[in-house]
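Given chain A, work out where chain B with the ligands should sit, using these hints.
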Amino acid sequence: MVQINRKLCVGCATCIPYCPVEAFKKEAEERKVYVDEEVCTNCYVCIRNNVCPVGAIEESNLDNFMKQFQHVISDPTVTSEGTGVPGRGTEEAKTNDVTGRYGRGEFGICIDMGRPGIGCRLRDAEKVAMAVAQAGVVLEGPETTPLATLMTDIKTGKLVDEALDTNVLSVIIEGKCPKEKLPDVLMALRRVEKEIETTFCLGIVSRAEQEEASFFFETLEKLGIPKPFRGKVNVGLGRPLIP
Amino acid sequence: MTHSLHRFGSIESQRNDFVWFIYQSKGINDADFEEKARRAIAIAEKCGSENWGDIKIGCKLKCPANEIATNLSRQSRIRGVFTKREQVVEFLKEMKEADLGLSVIISGLLDEVLPSCEEAALTPHTINYSLGVWGKKDLLPEEDVLAITSMCGHHMIAANLVRKKMEEVKKGRKSAEKAAEELAVLCPCGIFNQVRAARILQEAAVKA
Ligand code: SF4
Ligand code: SF4
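Taken in order, these protein sequences are the chains called A and B. Counting from 1, position 56 in the first sequence corresponds to residue 56 in this note's numbering; the numbering is continuous, with no gaps. Converting from the second sequence to this note's numbering requires adding 1000 to each position, the first position being numbered 1.
Chain A extracted, bound-state conformation:
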């Protein structure tokens, strides 16, 4: 976690509102601020934006793998070594016109754990990853998505034990399933959403053809899930690998 240099801090509280997860706390006794290490995600919003007028906020000593992971995942300006992609996730629908990652008859699943702006313990990310894997999602591997580097078994979504208490601003669980598994996956998410201490945002990736859209909307209707009104549309201008 980042640290406050107590010799420099004048207790002005300028930094407090900038932290997305409210990690800056006021000391009870002296007029100083400290960083709650249980809460800080090493997102470096405070450092990057020089929010302290006297320069009292100092960078973390990222001296173990989990701290480095936490920083890379929480600070989108840092590139993840595994994926080579800056930020927490991958290219999902954005480059599907050239990569063909999601074909017809398949649905992509993008679960942004801890979003919007709540943060999450990796224990909750594990619960959700395991629930969707069991329901038929094939999870993306470490070459495309950072969370997979912590999985002991990509087939189950289980994470290494030492990762579970780490908190991050957000982390994405990515995978895909054949269309017939989509109802099971959505029902699994309906169950597991009640077992976690945070929120997630859910994106479902589909080819834009009418047949896929009809199947998707009918599935949502059957399960009582409201029809989406927002989307990220790949307009098909990339040169495709797979026609």
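Keep in mind that the hints were calculated from the coordinates and are not lab data. A quick note: this is a predicted structure, and the numbers were derived from the prediction, not measured. Here a beta-carbon is modelled for each residue, glycine too, at the ideal position from N, C-alpha and C. Where hints are given, some of them may not hold.
Distance condition first, Cα-Cα at most 25 Å in a straight line; then the derived DSS-like pairs of lysine-lysine [what the hints assert, rightly or not]:
| no. | chain 1 | residue 1 | chain 2 | residue 2 |
| --- | --- | --- | --- | --- |
| 1 | A | K127 | B | K1137 |
| 2 | A | K127 | B | K1136 |
| 3 | A | K222 | B | K1137 |
| 4 | B | K1164 | A | K158 |
| 5 | A | K194 | B | K1137 |
| 6 | B | K1164 | A | K25 |
Heads up, incomplete: computed chain B residues facing chain A, CB under 8 Å, no partners named [what the hints assert, rightly or not]:
| no. | residue |
| --- | --- |
| 7 | F1008 |
| 8 | S1010 |
| 9 | S1013 |
| 10 | R1015 |
| 11 | S1103 |
| 12 | G1108 |
| 13 | L1110 |
| 14 | L1114 |
| 15 | C1117 |
| 16 | L1139 |
| 17 | T1149 |
Same frame as chain A, now just chain B with the ligands:
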């Protein structure tokens, strides 16, 4: 990631909020990316993109546009915002004409984006649909605060900071536009829509 997909706030306030992206794929179509990206940026600027940037360099509200364009690399990620549907249609038409071979993506309300593609004679390839927030929704901030924080999809903008700016606007200490720009510079990608944010801040000040 899906940082432009999940935006919140009233449907009406999302109506004039679009995010554009230009994406290269490593080893597939990233040759000469810097040059192609500069052409795409020139098109977006011509169409009136109010904010755009590269996550490694910053957004144009923080960094001069020519500085971002000059410092692009093959790994750069270029994205920005439009606030009118006509801008989106024009952008898509020009990108089609330029035929750069890069992926082009637009996030927004589907009943705005899909007709825009049609107007530009484009057939969408893939859609990432937002199914919104799941889990402990009682942790979420107020709707107008969330409408602003979620415009930086990496959540670099704290709810408490938005509340502070709302207070400053309400007390007349600064204009809604100035407050919105102060928030926008915290979003390194350049997809924060400061025009929509100013409107929300102004409405919150009037309501209070
Ligand atoms: S802004 Fe700097 S000086 Fe002020 S309370 Fe925070 S750390 Fe201390
Ligand atoms: S690094 Fe991020 S989470 Fe930690 S104190 Fe700074 S702003 Fe808050």
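Against the structure, the hints:
no.: 1; hint: A:K127 - B:K1137; in the structure: 18 Å, holds
no.: 2; hint: A:K127 - B:K1136; in the structure: 14 Å, holds
no.: 3; hint: A:K222 - B:K1137; in the structure: 23 Å, holds
no.: 4; hint: B:K1164 - A:K158; in the structure: 40 Å, violated
no.: 5; hint: A:K194 - B:K1137; in the structure: 10 Å, holds
no.: 6; hint: B:K1164 - A:K25; in the structure: 17 Å, holds
no.: 7; hint: F1008; in the structure: 7 Å, holds
no.: 8; hint: S1010; in the structure: 11 Å, violated
no.: 9; hint: S1013; in the structure: 12 Å, violated
no.: 10; hint: R1015; in the structure: 11 Å, violated
no.: 11; hint: S1103; in the structure: 4 Å, holds
no.: 12; hint: G1108; in the structure: 7 Å, holds
no.: 13; hint: L1110; in the structure: 5 Å, holds
no.: 14; hint: L1114; in the structure: 7 Å, holds
no.: 15; hint: C1117; in the structure: 5 Å, holds
no.: 16; hint: L1139; in the structure: 5 Å, holds
no.: 17; hint: T1149; in the structure: 5 Å, holds
Consistency with the previously given hints fails for numbers 4, 8, 9, 10, ordered from lowest to highest.
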